[in-house]
Amino acid sequence: MAPARTPDIAAKRLPKAQYAANFTDLHPPLNAHEALVESDRCYFCYDAPCMKACPTSIDIPLFIREIQAGNPKSAAKTIFNQNILGGMCARVCPTETLCEEACVREHAEGKPVKIGLLQRYATDQAMADKHPYNRAKSSGKKVAVVGAGPAGLACAHRLSMHGHDVTVFEARKKSGGLNEYGIAAYKSVDDFAAKEVDFVLSIGGIKIENGMALGKKLKLANLQRDYDAVFLGLGLSGVNALGDKNEDADGIEDAVDYISDLRQAKDPSRLKVGRNVVVIGGGMTAIDIAVQSKLLGAENVTVIYRRGAEHMKASPFEQELAQTKGVNIKHWVAPKKVLVKSGSVIGLKCENTSTGEKFEIRADMIFKAIGQSYIDVTGGTIALDQGRIKVDAEKRTSVKGIWAGGDCIAGGKDLTVASVDDGRRAAESIHSFLTA
Amino acid sequence: MADLRSNFVGIKSPNPFWLASAPPTDKEYNVVRAFKAGWGGVVWKTLGEEGPPVVNVNGPRYGAIHGADRRLLGLNNIELITDRPLEINLQEIKKVKREWPDRAMVVSLMVPCEEEPWKKILKQVEDTECDGVELNFGCPHGMSERGMGAAVGQVPEYIEMVARWCKQHSRLPVIVKLTPNITDVRQPARAAFRGGADAVSLINTINSITHVDLDSFSPMPSIDGKGSHGGYCGPAVKPIALSMVSEIARDKETKGKPISAIGGITTWRDAAEFISMSAGNVQVCTAAMTYGFKIVEEMKSGLARWMDDKGYATIEDFRGRAVPNVTDWQYLNLNYIAKAKIDQDACIKCGRCYAACEDTSHQAISNMKDGKRHFEVMDDECVACNLCVEVCPVQNCITMVQQTSGTDARTGKKISKDYANWTQHPNNPMSVKAAE
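Residue numbers (the numbering used here), protein chains in the order written: chain A, 15 to 450; chain B, 3 to 438.
A portion of the hints provided could be inaccurate.
Claimed, not checked - In silico lysine-lysine, DSS-like type, Cα no more than 27 Å apart, as pairs:
(1) A:K327 to A:K351
(2) B:K374 to A:K66
(3) A:K66 to B:K351
(4) A:K125 to B:K351
(5) A:K427 to B:K374
(6) A:K427 to A:K414
(7) A:K327 to A:K363
(8) A:K125 to B:K374
(9) A:K427 to A:K91
(10) B:K121 to B:K97
Hints are computed from structural coordinates only; laboratory data are not their basis.
Using the sequences and the hints, build the whole thing.
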């Protein structure tokens with residue numbers, strides 16, 4: 015261990031211009047020529063494996079064929095029919111473990127059709143145009159949606175399409191949920207999350223009230239009383255703890271909070287980051303915070319994960335991305351003790367989980383990315399399953415008239431695209447319920 | 003190493019690859035570049051009679067059909083015969099032939115259907131010391147309305163008459179270029195040979211409109227909002243050309259007569275196929291217009307390597323080998339039984355064979371095995387139609403396997419080694435019964 019020193023946490027570690035370059039689009043969009051060349055590669059498979067691998071079951075061969083035939087706006091409609099947040103999903107979906115992994119060209123040549131980028135090409139074109147859906151005749155029914163994240167927005171849009179009036183209650187200042195506050199900055203540039211919210215709302219019939227957190231100003235019982243149906247897209251508001259006695263030391267941060275600050279920062283150079291950063295965790299959040307720390311100018315960034323590479327929730331592509339950005343991923347390593355001096359973090363004592371070997375890593379900052387948890391705000395009225403809301407296949411909760419979806423439900427996949435699917439399915443179920 | 007030298011009706015060239023009469027052979031500059039690139043010969047772009055030069059449109063002359071990745075599959079043109087003064091063409095032909103004595107120099111001609119103009123131009127052309135003439139009776143646009151080109155080629159009596167004049171007034175070999183825009187290509191071919199022609203060349207271009215502009219509703223290529231049919235060529239027309247060549251090659255009257263094959267020849271393989279169908283040499287245009295003159299290198303090396311592999315020392319060693327195998331449908335062996343077989347190791351599971359067979363053919367492919375995506379041919383349903391082979395994106399993944407013993411799982415009939423065709427079939431009311 016190096017001699018004690020003042021923790022080295024600082025902003026402006028990089029030349030000004032470097033920040034813009036670091037936080038630009040991870041995958042630049044395809045231009046029209048590239049999109050045509052790529053769309054020509056799709057085989058239009060029967061009962062396409064890519065489509066089955068998509069949590070929202072987008073008809074991928076059809077939308078690619080529509081691009082190929084010079085009709086990207088119809089392609090976008092094919093996408094939006096299943097996934098109104100197809101624009102964000104095109105940017106953030108781990109396609110390498112979903113549609114593109116299933117692509118037969120991955121099987122044939124190890125080079126899948128670039129489905130994600132084609133989806134982005136189509137949706138970008140359509141979103142620059144007028145909203146592609148019209149609302150059905152008003153049903154006179156009102157639905158409350160709690161949470162303006164991917165699940166809530168998808169649910170609200172589909173309900174509005176069916177002619178129901180929707181009010182969305184959102185705890186935070188901005189809508190979009192993790193799309194706005196949680197996605198790594200280089201995956202959603204140019205304020206895309208906010209633009210997408212505007213796009214969803216432009217169908218009409220959806221009112222958003224921000225600063226309305228359930229359990230505080232907003233009571234579930236009142237919603238049940240005032241609305242014909244309620245959808246809960248609450249997300250996960252708890253952050254798992256390390257259980258270390260020094261957990262409150264300066265320099266220990268929740269990764270999700272820091273990512274949120276970064277997303278909201280107008281000027282990333284003003285964000286303080288440690289020279290030596292340690293990230294604890296193995297999911298997408300761990301990778302995102304590690305990469306972004308590096309992009310902010312941290313010198314040494316180490317991710318420690320208690321199990322092997324194959325067990326990490328972050329895909330091999332994400333792990334490789336981190337490594338090419340200079341992040342050191344240490345597998346089979348568990349945190350044992352946060353080392354502190356004068357109230358500030360100076361390092362982390364670790365243990366190799368397979369050999370038992372103990373060692374220390376110097377750290378000015380430690381990010382906790384060991385998962386989030388559901389915190390009940392419904393007053394215990396709704397049944398849970400493994401700590402999250404229990405739902406059936408139609409996303410109905412144990413309480414009649416209340417549906418739920420997204421990360422707050424049991425079995426949630428912690429994926430934007432899965433949340434969108436929950437929201438749409440719940441909306442269809444609510445629609446059947448309201449029109450029965 | 004295979005000897006690619008060609009001797010076609012006494013016209014010698016270092017290889018059988020000639021550039022067809024078309025824009026690539028319109029002037030000295032292009033032809034010299036072609037010879038430098040290695041082409042065996044050229045048919046100089048069609049000369050007309052002396053007088054004010056031909057006038058071309060000043061808008062687009064070409065339209066096209068594209069395959070995946072904008073691969074040009076079919077090209078259409080509305081260009082006329084040379085629009086340069088006759089005298090300049092004649093001077094250049096003479097000069098180039100002198101400078102490139104080992105290359106074939108054939109001159110394409112088109113003058114009004116009267117003896118004098120033919121007599122006159124033949125004299126002028128002979129003075130260039132070229133190797134032969136090709137009579138353009140094929141051009142389907144522009145000149146045909148003036149009683150030339152296809153207007154002559156569609157009337158066998160005219161063909162015979164002009165061919166006879168040419169043989170009478172010239173010592174040069176005469177090749178008659180045929181139009182495919184007729185019902186039975188054997189008629190003009192017979193007429194050409196009756197008139198004394200040394201050879202026929204085919205096919206000229208096919209009447210075509212490649213597409214319609216859906217904004218202006220003008221056929222393309224569009225000249226000031228209007229379009230006219232042009233002549234179609236390129237890879238898309240090869241099968242038509244190959245069939246027409248085969249008709250002449252096996253016609254009682256024209257069998258064994260020299261044929262210069264034209265029509266979509268793009269690679270060595272196309273050339274080898276036409277030669278096996280009795281062509282003495284091949285003429286190429288679209289491939290050169292698409293990729294430039296350099297493609298002849300692939301044609302030469304490919305043809306030579308294949309000949310070496312097969313043990314053919316010269317072109318004559320395999321020329322015409324396919325002709326005896328072209329027959330009429332009624333003589334095909336109905337006792338020949340095949341079944342499609344999918345190579346499971348090569349299969350990429352796109353399911354296109356299944357979609358094609360299930361939706362449009364014989365429901366002879368299954369798409370599931372033990373609950374998994376798996377495509378397999380059901381012999382008891384397969385009629386060996388070959389559609390699955392053709393729609394499969396992986397070459398040689400699906401093959402047709404001849405059944406030589408046992409019973410046909412589809413019909414339950416014993417597989418016979420005997421040849422039996424429709425003329426002998428019991429279902430044929432006209433069948434010839436073997437003497438009892």
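Hints and how they fare:
1. A:K327 to A:K351: Holds, because 24 Å separates the two Cα atoms, which is no more than 27 Å.
2. B:K374 to A:K66: holds, 13 Å
3. A:K66 to B:K351: Measuring from Cα to Cα gives roughly 13 Å; hence the hint holds.
4. A:K125 to B:K351: holds, 15 Å
5. A:K427 to B:K374: Since the Cα atoms of K427 (chain A) and K374 (chain B) sit roughly 24 Å apart, the hinted pair holds (cutoff 27 Å).
6. A:K427 to A:K414: The given pair, whose Cα atoms are some 24 Å apart, holds under the 27 Å limit.
7. A:K327 to A:K363: Within the cut-off at roughly 24 Å; holds.
8. A:K125 to B:K374: Roughly 23 Å separates the two Cα atoms, so the pair holds.
9. A:K427 to A:K91: holds, 25 Å
10. B:K121 to B:K97: holds, 23 Å
The structure agrees with every numbered hint stated previously.
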